[in-house]
Every structure is written in C-alpha cells, then in structure tokens.
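The lines below spell out each chain.
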Amino acid sequence: MASDSEHTRHVQQLFVQYGAEVKYFVLSLLPHPGEAEDMVQDTFLTVTAKAHDYEEGTNFKAWAFAIARFKVLEYLRQKKREPLALSGETMELLAREASDPDSANDEVMEQKISHALADCITHLSPKLKQLVELVYRNGIKPGAAADQVGWKPEAAYVGLSRARKELKLCIQKKVGANF
Amino acid sequence: MTDDSHQIIDRYLDGALSPEETAAFDEALRSDAELRREFRSRVRLHGLITRHFAWEEAQDSLPPLVSFPEQSKRTNRWPWIAMAAAAVVVLAFLIVERNEPAPVFGIFSTTDEAIELKRYEFSGDQLIEIHLDSGIEIVIEAPASFQFRDATRLELFDGKLAADVPKGAEGFTVVTPRGEVIDLGTRFGVSVSEDNVETHVFEGEVEIRQEGKTKAVRLQESESMDLVAKTTGTSDSKRFPMPAYVLPVSLANPGFEKDTEVVKGMPATYLTWGGDAHQQIGRYPVKSGSEQGAVIEPTEGNRMLQFLGTTASPEDPNGGASELWQVIDLTLYSDEVNRGGVEAAFSAKVNRVSGSSRVDRKFGIALFAFQGSVELVDSYWDRKNQPLSEQLASTSTTVNSDDDPATWELLSCDFVIPPNADYLVAQVYASEDNTNDTTDEFEGHFADACFLTLTTRPRASSPTAVWTGPSGDWRNKKNWQEDRTPDGARDEVRVVDAEELRLARRVALKQTLWLGYHRGRARMRILPDGILERSGQGELLLGHNEGGVAEMIVEGKLLTRGRVFIGRNNAASRLIVDGGTWESSHGLIRMAQYGSRGPDTVSELIVRNGGTVTAERLEMVHDLATLTIESGGSVDVEKLRIGGDDGEARVVIRDGVMRVRELEFGPVESVLELADESAVIELLGEWDEASLVGMPGAEWGGGPGLRTESFARDGEMWTRVMQAR
Numbered sequence: 018m019a020s021d022s023e024h025t026r027h028v029q030q031l032f033v034q035y036g037a038e039v040k041y042f043v044l045s046l047l048p049h050p051g052e053a054e055d056m057v058q059d060t061f062l063t064v065t066a067k068a069h070d071y072e073e074g075t076n077f078k079a080w081a082f083a084i085a086r087f088k089v090l091e092y093l094r095q096k097k098r099e100p101l102a103l104s105g106e107t108m109e110l111l112a113r114e115a116s117d118p119d120s121a122n123d124e125v126m127e128q129k130i131s132h133a134l135a136d137c138i139t140h141l142s143p144k145l146k147q148l149v150e151l152v153y154r155n156g157i158k159p160g161a162a163a164d165q166v167g168w169k170p171e172a173a174y175v176g177l178s179r180a181r182k183e184l185k186l187c188i189q190k191k192v193g194a195n196f
Numbered sequence: 063m064t065d066d067s068h069q070i071i072d073r074y075l076d077g078a079l080s081p082e083e084t085a086a087f088d089e090a091l092r093s094d095a096e097l098r099r100e101f102r103s104r105v106r107l108h109g110l111i112t113r114h115f116a117w118e119e120a121q122d123s124l125p126p127l128v129s130f131p132e133q134s135k136r137t138n139r140w141p142w143i144a145m146a147a148a149a150v151v152v153l154a155f156l157i158v159e160r161n162e163p164a165p166v167f168g169i170f171s172t173t174d175e176a177i178e179l180k181r182y183e184f185s186g187d188q189l190i191e192i193h194l195d196s197g198i199e200i201v202i203e204a205p206a207s208f209q210f211r212d213a214t215r216l217e218l219f220d221g222k223l224a225a226d227v228p229k230g231a232e233g234f235t236v237v238t239p240r241g242e243v244i245d246l247g248t249r250f251g252v253s254v255s256e257d258n259v260e261t262h263v264f265e266g267e268v269e270i271r272q273e274g275k276t277k278a279v280r281l282q283e284s285e286s287m288d289l290v291a292k293t294t295g296t297s298d299s300k301r302f303p304m305p306a307y308v309l310p311v312s313l314a315n316p317g318f319e320k321d322t323e324v325v326k327g328m329p330a331t332y333l334t335w336g337g338d339a340h341q342q343i344g345r346y347p348v349k350s351g352s353e354q355g356a357v358i359e360p361t362e363g364n365r366m367l368q369f370l371g372t373t374a375s376p377e378d379p380n381g382g383a384s385e386l387w388q389v390i391d392l393t394l395y396s397d398e399v400n401r402g403g404v405e406a407a408f409s410a411k412v413n414r415v416s417g418s419s420r421v422d423r424k425f426g427i428a429l430f431a432f433q434g435s436v437e438l439v440d441s442y443w444d445r446k447n448q449p450l451s452e453q454l455a456s457t458s459t460t461v462n463s464d465d466d467p468a469t470w471e472l473l474s475c476d477f478v479i480p481p482n483a484d485y486l487v488a489q490v491y492a493s494e495d496n497t498n499d500t501t502d503e504f505e506g507h508f509a510d511a512c513f514l515t516l517t518t519r520p521r522a523s524s525p526t527a528v529w530t531g532p533s534g535d536w537r538n539k540k541n542w543q544e545d546r547t548p549d550g551a552r553d554e555v556r557v558v559d560a561e562e563l564r565l566a567r568r569v570a571l572k573q574t575l576w577l578g579y580h581r582g583r584a585r586m587r588i589l590p591d592g593i594l595e596r597s598g599q600g601e602l603l604l605g606h607n608e609g610g611v612a613e614m615i616v617e618g619k620l621l622t623r624g625r626v627f628i629g630r631n632n633a634a635s636r637l638i639v640d641g642g643t644w645e646s647s648h649g650l651i652r653m654a655q656y657g658s659r660g661p662d663t664v665s666e667l668i669v670r671n672g673g674t675v676t677a678e679r680l681e682m683v684h685d686l687a688t689l690t691i692e693s694g695g696s697v698d699v700e701k702l703r704i705g706g707d708d709g710e711a712r713v714v715i716r717d718g719v720m721r722v723r724e725l726e727f728g729p730v731e732s733v734l735e736l737a738d739e740s741a742v743i744e745l746l747g748e749w750d751e752a753s754l755v756g757m758p759g760a761e762w763g764g765g766p767g768l769r770t771e772s773f774a775r776d777g778e779m780w781t782r783v784m785q786a787r
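So the sequences go chain by chain: A and B. Numbering-wise (the working numbering), the first sequence opens with residue 18 and increments by one. Numbering-wise (the working numbering), the second sequence opens with residue 63 and increments by one.
Derived by calculation from the structure, the hints in this document are not laboratory data. Certain hints may be false.
Claimed, not checked - Below 27 Å or equal to it, Euclidean Cα-Cα: the simulated DSS-like pairs (lysine-lysine) are:
#1 B/Lys349 with A/Lys190
#2 A/Lys96 with A/Lys67
#3 A/Lys144 with A/Lys169
#4 A/Lys185 with B/Lys701
No experiment lies behind these values; they were computed from the predicted model shown.
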C-alpha cells in the first residue's frame with residue numbers, strides 16, 4: 018500500500034505526463050492562452066488537493082478533465098462569459114472523446130512536432146511571425162495585436178488563420194505525418 | 063475538411079465569434095464528429111504554439127515585456143511553468159532509468175533526436191538530415207527505411223541517400239541488398255528500390271563489395287554503378303539528395319604567399335588578385351614612432367600583403383582606399399547557385415602600425431555577386447553604387463583596427479548567393495579615413511589570410527525526365543523515360559536526342575528544359591496550337607556543350623521566365639520564331655555563351671513570317687551569334703547588346719522591325735545590317751546618321767547610308783532608322 022504522499026506524488030506525475038493533453042482540452046473550452054494556463058494551474062492545485070479521490074488504474078484523463086471542466090465553467094460564470102463559450106453539453110462531449118485512452122498522443126511524436134514547430138515558426142514571414150508572437154507570447158488579443166502590426170483587426174484574424182495553416186503544413190512536411 | 067471549417071474554428075480560438083456565431087458553432091460541434099476531430103487537431107496546434115512560447119520564455123528567463131500593461135496574467139503563469147519544469151526533470155529521470163543506455167553517435171539534425179540502432183521508416187516527401195559525431199553528413203530522402211548497425215555502418219533497405227565523409231572518417235559503409243559500398247574519403251550516393259540498387263560517386267572514390275564476389279570494385283569520381291545489372295556509367299548528382307558540402311572553390315593566393323603578379327585595377331579574369339599599388343612582403347620593421355624597431359609578421363605563412371597607395375580620380379582626389387579584388391567563377395556551380403542554395407563566407411585579417419593620430423585606421427572587406435560576362439566586370443564595378451541590374455547582391459563589413467601591431471584583426475562577412483549569379487567579386491581594402499594625413503598614404507597597413515568558403519545547403523533530389531522517343535508528341539507518355547510526361551514539380555527535363563518532338567497543346571513547365579543536352583541532337587516544334595510556358599526558376603537551354611545540336615521552331619507560343627541560352631559551351635543551336643510568338647520576361651537571353659571555339663558553334667535567332675519576340679535583355683556575346691529578322695518579323699527588346707569582347711555578332715533585318723530602348727555594342731566591331739528598304743530599327747531617343755555611325759563598336763551594313771526620322775510614342779521621343787534611299 019502506497020503512502021498518501023507517494024500517491025499524491027504519483028498523481029502529480031500523471032498530471033505532468035498528461036499535461037499537454039490537459040492543456041489542449043482546456044484550450045478547447047477557453048482558447049485564450051493566458052487564461053487557459055491559469056486554469057491548468059488551478060486544475061493542478063485541485064488535482065493535488067484531491068489526489069486521494071483518484072483511484073489507481075482508472076482513466077486519469079477522464080478524472081482530470083472533469084476537474085478542469087469544472088474550473089473553466091466556474092471561471093466563465095464568474096466572468097459572465099457563458100454566451101461566448103461552448104455549452105456544458107458540448108464540453109462534456111469533448112471531454113469524453115479527448116479522454117478516450119485510444120486517442121492518446123504519442124509522446125515521441127509530440128516531441129518531434131514541438132521541434133518541427135520551433136523551426137517552422139522561424140520560417141513564417143516577418144509580419145505573420147510578429148503577429149503570432151504578439152498573440153501567443155505576449156497574450157495580446159488579435160484585435161489589439163493587429164494595431165501593433167499596422168493591420169485592420171479583420172486582417173489579423175485572417176493572418177492568424179494563415180499562420181496556423183502554414184505551420185501545420187510545415188510540421189506535416191517535417192514529421193511526415195498527418196497530425 | 064474545408065478551409066471554411068478551419069476558419070470558423072480559428073475564429074473561435076481567437077475569440078472573434080459573436081454569441082450567435084458561438085451558439086451555431088456549438089451546435090455544429092455537437093452534431094458533427096468530423097468537425098470535432100478537426101477541432102481537436104486545431105486546438106492541439108494552438109496549444110503547441112502556446113507551449114512553444116511559454117517554454118521559450120521559461121528558458122530565456124528574461125524579464126517580462128513591460129509595454130503591454132493589460133497582460134497582468136503573465137505573472138500567474140510562472141508558478142505553473144516552474145512546477146512543470148521541476149516535474150519534467152523527475153519524469154525524465156524515470157525515463158532514463160527505465161531505458162537501456164544507448165550508444166550516442168549522431169543525431170537527426172532537424173530534430174536533434176539521438177539515433178538508435180533500430181530500424182527507421184520514413185514516409186512521404188521529406189529529407190532526413192543526419193549528423194554523425196565523426197563529422198559525416200548524411201541525407202536520406204523519404205520514402206526510406208534504414209538502420210544503423212554501428213556508428214560506421216548503415217544498412218539501407220529502401221530509399222536514396224548521399225553522404226559526405228570528411229578526412230579521418232574513411233571506411234564508412236552503406237550496406238545494400240546487393241553488396242556493400244565502402245567510402246574511401248568521398249561524397250557519394252546510394253539508392254535502393256525493389257528492383258534497383260545503384261551507387262554514384264560525386265567526389266573521391268568508393269569500394270564496392272558485391273554479394274557473392276570476392277573481388278572488390280573501385281568506383282572513381284563521376285562514375286556510377288548499377289549493382290543489379292552490374293553495369294557502370296556516369297554519376298548524376300541530381301538523382302540524389304545532397305547534404306551540405308563545401309564547394310571546391312577557393313581564392314587564388316589567399317595568404318599572398320606566391321610571387322604571382324598582381325594586375326593593376328579590377329582583374330577581368332578569374333584566379334588573380336588585382337587592385338591598387340601594393341606589395342607582398344615577408345616582414346615589416348616599423349621605421350618610426352613609439353614601436354620603432356618592432357616587426358610586423360604575417361599572421362599565417364611567410365608573407366603578407368602591404369597596401370601602398372590608392373587610385374586617385376577627379377571625383378575622389380584622395381582615392382578613398384587602397385583596394386584589392388579577386389573574381390570568382392560560379393558558372394560551374396550554376397545548378398546549386400540557381401536554387402539559392404549556396405552560402406558564401408569571406409574573411410581576412412588586417413593589421414597596421416600604431417603610428418600617430420594621423421594614421422588611417424579603417425579596413426574593410428566586401429563580397430559582391432554579379433550576373434553577366436566577366437569581361438565586363440570593370441564597367442559593372444564602376445557603376446556598382448548605382449542601381450545596376452547586373453549586381454545581384456552584396457555584403458560588407460569594416461573594422462577600426464587597434465593600435466597594437468602584434469595583433470591581427472579578423473573581418474568576416476557572408477551571404478546567400480542569389481540565383482543567376484555568374485561570379486563573385488571579393489574585395490579587401492584599407493581606407494583613407496583619416497583626413498589629417500598629408501604625407502605617405504599608408505604608413506604600414508597589411509592584409510593576410512583571406513578565405514572564401516562556399517557551402518551548399520542540404521537539398522532533395524531532382525529527378526530528370528528524359529525524352530526517349532525519336533520523334534513524336536510531347537504529351538505521349540511513351541516518349542518519356544519512366545512512362546510519364548515531365549510535369550512533375552521537381553523534374554528537370556532533358557531532351558537529349560530527338561528527331562522532332564511536337565507540342566500541339568499547352569504545356570506548363572516549372573523546371574529547367576535542356577534541348578540537345580551534352581552531345582545530343584534534338585529538335586522541338588511548337589505547333590500553331592501549342593504553347594510552352596515556363597514559370598519558376600528554371601532555365602531554357604538550347605544546345606549545351608560541344609557536339610550538341612538543338613533547334614526549336616516556334617509556330618505557336620513560347621513563354622519563358624528566367625534565363626535562356628541559345629548555344630552554350632560551343633554547342634550549335636538555333637531558335638526560329640516562325641509566325642509564332644516568344645515572350646521572355648524576368649531574365650536574360652544569351653546567345654553563344656562561351657562559344658566560338660568549337661568548329662560547329664552556331665547561335666542563331668531567326669524571327670520570320672510575322673513572328674514576334676519580346677524580351678527584356680538580349681546579349682549576343684562572342685562571335686557567331688546571329689539575329690535575323692525577316693518577312694514581317696518583329697523583335698522588341700529593352701536592352702540589346704551586340705558582340706562580346708572577343709568576337710563580332712551580327713544582326714540582319716530584312717523586311718522586319720527591331721525596336722530597342724537601349725542599344726550597346728561590344729568592343730570589337732559588330733554588324734547591324736538593314737538589308738532592304740523595308741528593314742526598320744526603332745531606337746529610343748533622338749538620333750541622326752552621324753551619331754548612329756559614331757556608336758562605338760557599330761558597323762552599319764546594308765544600303766548606301768542611313769536615314770532617320772523622329773516620332774513620339776507614349777510621350778517619349780523615338781528615332782526610326784532605315785536605309786538611305
């Protein structure tokens with residue numbers, strides 16, 4: 018029988034192991050990078066505090082996603098942002114599909130993709146790169162970022178979309194897989 | 063998935079949807095499993111980008127940017143990152159514990175992933191770069207599968223590879239199903255497919271040990287061997303990918319060790335230094351000042367270069383600088399250069415006496431890339447500070463040298479050589495930056511150890527489509543090797559031998575087309591309904607190398623971008639625009655490049671039967687280049703140069719029109735002949751007979767004299783030149 022602290026540590030390790038997927042799940046509910054990171058942190062704290070609730074051998078992702086979903090809902094309610102968010106029903110559906118053990122992302126592939134992405138970002142055109150950095154690194158909303166790049170807000174949304182499309186193609190080319 | 067669904071997902075991710083749009087998106091997500099899958103994939107990318115920047119920041123540990131005060135969230139992010147980093151260390155530790163320690167002998171360059179002794183399979187269209195600790199550079203083109211047996215043996219099951227093996231790493235072996243290829247210090251390629259195993263040597267030598275044979279075979283540079291058919295041939299580097307390698311190009315006399323003559327002024331030939339007054343010396347005893355008695359010694363070898371004087375000119379009475387140049391030929395490497403795939407790095411060391419405050423301090427080096435004939439480099443150079451289409455790129459750097467004669471200062475600069483560059487000019491100079499000095503121009507200023515390195519970038523193979531049918535239709539697959547027409551994105555098209563191939567439809571080509579390659583003889587006819595459209599960077603080469611013969615007849619349409627050569631390296635070739643049209647944009651047409659030495663060299667452009675040619679630049683260099691316009695043909699060229707340095711070219715107009723904005727002749731007289739009364743030249747500007755006849759290098763032929771009349775076109779004054787009555 019593992020001690021409580023050992024169990025807690027193990028649960029924390031599981032959380033880190035699935036950290037990327039928790040992050041992606043939270044981002045699907047709360048796409049703003051800064052907000053999503055805060056939610057993941059909150060989730061981590063709750064996961065640590067409630068580690069004893071997690072039963073070894075059961076679906077960890079399903080358990081962690083439920084906590085994360087609860088955190089996000091609470092946050093949206095507090096900010097009165099529900100009209101701009103997905104419905105609880107859709108969130109649950111997304112959680113179910115994302116926590117399917119078969120849908121796990123291969124760790125090695127994930128590493129490869131990260132490396133590829135780092136290189137692909139350097140190949141973006143200067144304006145797109147600047148836009149991506151403003152939005153992702155500095156957490157600026159695209160509308161405000163547009164201002165700094167000297168674009169109209171609408172152009173920034175189109176630009177971001179194009180940047181993602183280019184990054185996706187570039188990554189696919191490098192890792193040779195549809196991801 | 064459509065771009066539309068990507069866009070709605072992206073707008074959701076960027077917070078750009080209204081409440082109504084959000085509700086509709088929510089509805090769509092719930093009912094559409096395919097959309098949900100796409101959504102998850104897009105969110106993953108979104109998350110990867112987020113993580114990328116978060117990690118970058120955590121690693122940089124730079125203070126946060128303060129210019130965006132609304133981002134108070136940032137501070138909250140740090141604990142999570144710190145926690146994650148700590149936890150990852152734990153996890154990494156666990157993983158290391160679990161796995162067997164593997165010998166590390168190299169990495170995949172693109173991903174920094176360590177190579178394991180296991181079978182790798184790569185699919186799709188990608189280039190795998192491998193860097194071994196021994197210094198060996200390998201590229202493998204997917205689809206491929208391979209496995210390292212140890213750090214010196216690689217088994218290739220399928221795919222194409224090329225390796226560049228440095229000195230000291232000889233013995234690297236590629237194992238194939240048909241034998242082993244052992245490197246003897248070389249750059250070579252191996253390809254393995256179901257029914258084909260080949261090895262090609264690009265530099266150096268390899269040894270081949272075939273299955274079931276006791277005797278090894280040696281393969282030299284530019285040889286190839288088919289290990290299945292057991293036949294040998296010529297190596298073809300384009301059929302293989304290529305790792306980065308250093309081109310065998312270097313400066314002549316880089317350390318000023320040899321007693322070769324240094325020409326005065328800009329050298330119009332390769333492999334020689336030229337420039338202002340200077341000398342090559344072994345050591346320099348300082349004659350005056352505080353270090354009198356000290357000696358400046360070469361930084362490398364036994365000699366160095368001393369700058370002595372400048373070339374004064376009316377515009378610049380002090381001469382500005384004491385300069386030294388060398389011109390480097392790139393034409394042998396045009397394939398690599400034209401892909402934009404060669405990096406040039408130039409460096410030199412400089413030193414001087416400390417002297418007084420009056421001593422000049424500044425030294426500089428520069429590198430220029432030029433297009434055009436090397437004979438003309440001097441005229442290009444004089445205009446290098448003006449917008450000049452022949453100068454494609456430059457890079458430079460300067461240093462204010464220190465006062466210590468015991469130390470040498472290093473200068474270095476580099477750039478990527480732009481496509482279509484024909485040669486580089488490397489420059490080293492000592493600058494007259496101190497206006498106080500009135501006596502000796504340079505009291506003791508030196509340069510030494512000049513190095514130029516040209517390095518290629520790793521590239522994929524560019525398979526070649528080869529015409530095999532003696533005559534027939536371009537669109538018929540049967541006429542091409544590999545049973546497909548050459549429209550593939552990476553193909554190079556070589557029509558080596560063809561009695562006549564015909565184009566009756568539109569063919570778009572992005573790649574280089576060779577007609578009459580090497581010693582081949584080929585004719586291509588673009589029929590009235592045919593269009594050959596060339597886009598992209600490739601060139602059109604009609605006739606290449608001595609013995610090659612090429613003829614292209616345009617009855618339909620020829621559209622070219624990029625450079626066109628009619629007769630190169632002593633080949634005989636002819637382009638006839640016979641009632642059709644040829645439009646050439648974004649590139650130079652050059653006739654008889656390096657021609658005039660072979661007995662069969664011909665470079666002809668004939669425009670007849672109402673045919674038309676429009677071009678930006680046409681250069682007829684060397685002799686035996688002839689342009690004939692007849693029976694209603696017309697030629698419209700922005701910039702026309704007739705004749706090169708060592709031979710006359712010839713333009714003959716007979717019942718046709720030639721329109722030229724800028725006309726120039728070579729130094730040897732070239733002929734421009736108005737052969738009958740309906741021959742017309744239209745020239746931008748106002749000219750009279752005397753000014754035309756007085757053009758340097760022009761020999762006007764045809765009738766008893768010239769007649770001119772001025773006219774206006776689009777607000778510009780032009781002159782029409784005809785035979786005198």
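Hints and how they fare:
no.: 1; hint: B/Lys349 with A/Lys190; result: violated, 65 Å
no.: 2; hint: A/Lys96 with A/Lys67; result: holds, 25 Å
no.: 3; hint: A/Lys144 with A/Lys169; result: holds, 13 Å
no.: 4; hint: A/Lys185 with B/Lys701; result: violated, 45 Å
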